[in-house]
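Student: Spelled out from the first residue to the last, the chains are:
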Amino acid sequence: MTSDLVFWAGVVVVFVGGVFDFIAGLGMLRFPNFYVRLHAATIGTIYGAVLPLIGVALMALGSPIPNNTFIAGGCLATALVLFLVAPIGSHLLAYAAHKARAVEWSPVVDQLGEEE
Amino acid sequence: MGRRLLGLVFVYSLALALALVVYATGSLQPPHEIKRLGVFYVEETFFGNMTAMSPEAVTAIVWDYRGLDTVYETAVFFLAVVAGLAVFRVSKTPPLKRGVGLTEISRTSTKIVAALIVVVSASIALHGHLTPGGGFQGGSTLAIAPLLVIPIFSYYALLARRLTPGLLVTLRGLALTAIGLVALLPVFKGLEVVTNIRFYPAYILGQLVSGSLLLYNSSEYIAVASGFAAVFLYLSFEEEFHEEERGEDHE
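Protein chains in written order, with our numbering: chain A, 6 to 121; chain B, 989 to 1239.
Keep in mind that the hints are not guaranteed to be accurate.
[As the list claims (entries may be wrong)] Examples of chain A residues toward chain B, derived with CB under 7 Å: (1) Ile93; (2) His96; (3) Leu97; (4) Tyr100.
[Unchecked claim] Below, a sample of chain A positions facing chain B; criterion: calculated Cβ distance under 10 Å: (5) Val86; (6) Leu89; (7) Val90; (8) Pro92; (9) Ala101.
If you are wondering where the hints come from, they were derived from the structure by calculation, not from laboratory data.
The C-beta atom is built at its ideal place from N, Cα and C for all residues, glycine as well.
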């Protein structure tokens, strides 16, 4: 009973991740400039990749397949690394684009510029 | 818009037609019978008479049954690294300056991620005879650590710790010599080159080491990692430095 509950919770989490992936794809297509598109891309990596990985881990834990804890552990470790790395990637992209003045923008608030 | 839609429809119908043709002719069907060579590898790698004492068939094939091929492959990669060094003429390293690097956030996280990479790559290489992985895979994973350090901390951070292309190529040469020695040592006892289980022990202190496979994997791990790191390092030197050095050569 509990394992069924864990499995279906995993299915729901994977589905939610898919929905977020769709939203992120829409954002990449429709957002107006680089910085806002970066936001959409990070939604795709955090909610669209970390969340489904946690979901797959739950699905593995809830099903009677052999070595299911091994699969779940791999998924959770990958999710943790992605969770750590993805924000840094978008931080660096935004920083580099701002430093190199590669992207034209019209800021409302420019705290990086005030520091310089 | 109309032309784009037409193009899209054309590409999709082409892909669909191709898929139908492939399905109809059955040319992508997997074969129903296992080849005799495949049966040999599956039966012999761990349990058979010609065993390599490794539950991981790929490593057994790469380093034991077809070990000579892999030694040649490794030599080819070594020649590629040396040829790169010759083309870029990196005989000296650039004078040490203070690198600028990137933000504090990225520096801190790179320290964590680089440590993780080192641990994971060692696990891939040293378990190569037990699980999928091996020396080349582990080594190329380890080479990602300096590749991360170069943009985040600047390559002066590596040079200041004496991690120069010269040292890395020397390290690679030593690791390759180790591979050659492991392959040649059985000859002195009157066995064939690249002999595995008849010369090297399969178990050490009760741990399965699969004879020479662990030795090959760990040497290849160092060789590939230092080779890739040397390539990344001399590719990241500025163009001005290469030009200066070439100018000195002409004089």
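Student: Hint by hint, note whether the structure agrees.
Tutor: Each hint, compared with the structure:
1. Taken as an interface hint, Ile93 of chain A checks out: its beta carbon lies about 5 Å from the nearest beta carbon of chain B, inside 7 Å.
2. Among the interface hints, the one on His96 of chain A holds; its C-beta lies about 6 Å from the nearest C-beta in chain B, closer than the 7 Å criterion.
3. Nearest Cβ of chain B to the Cβ of Leu97 of chain A: about 5 Å, under the 7 Å cut. The hint holds.
4. Hint status for Tyr100 of chain A relative to chain B: holds, with the closest Cβ pair at about 6 Å, below 7 Å.
5. Because the closest C-beta pair between Val86 of chain A and chain B is about 7 Å apart, less than 10 Å, the hint holds.
6. Because the closest C-beta pair between Leu89 of chain A and chain B is about 7 Å apart, less than 10 Å, the hint holds.
7. For Val90 of chain A, the interface hint holds, since its Cβ comes within 10 Å of a Cβ in chain B; the closest pair sits about 6 Å apart.
8. About 9 Å separates the beta-carbon of Pro92 of chain A from the nearest beta-carbon of chain B, less than 10 Å, and the hint is met.
9. This hint holds: Ala101 of chain A has a C-beta 8 Å from the nearest C-beta of chain B, less than the 10 Å allowed.
When held up to the earlier numbered hints, the structure conflicts with none and fits them all.
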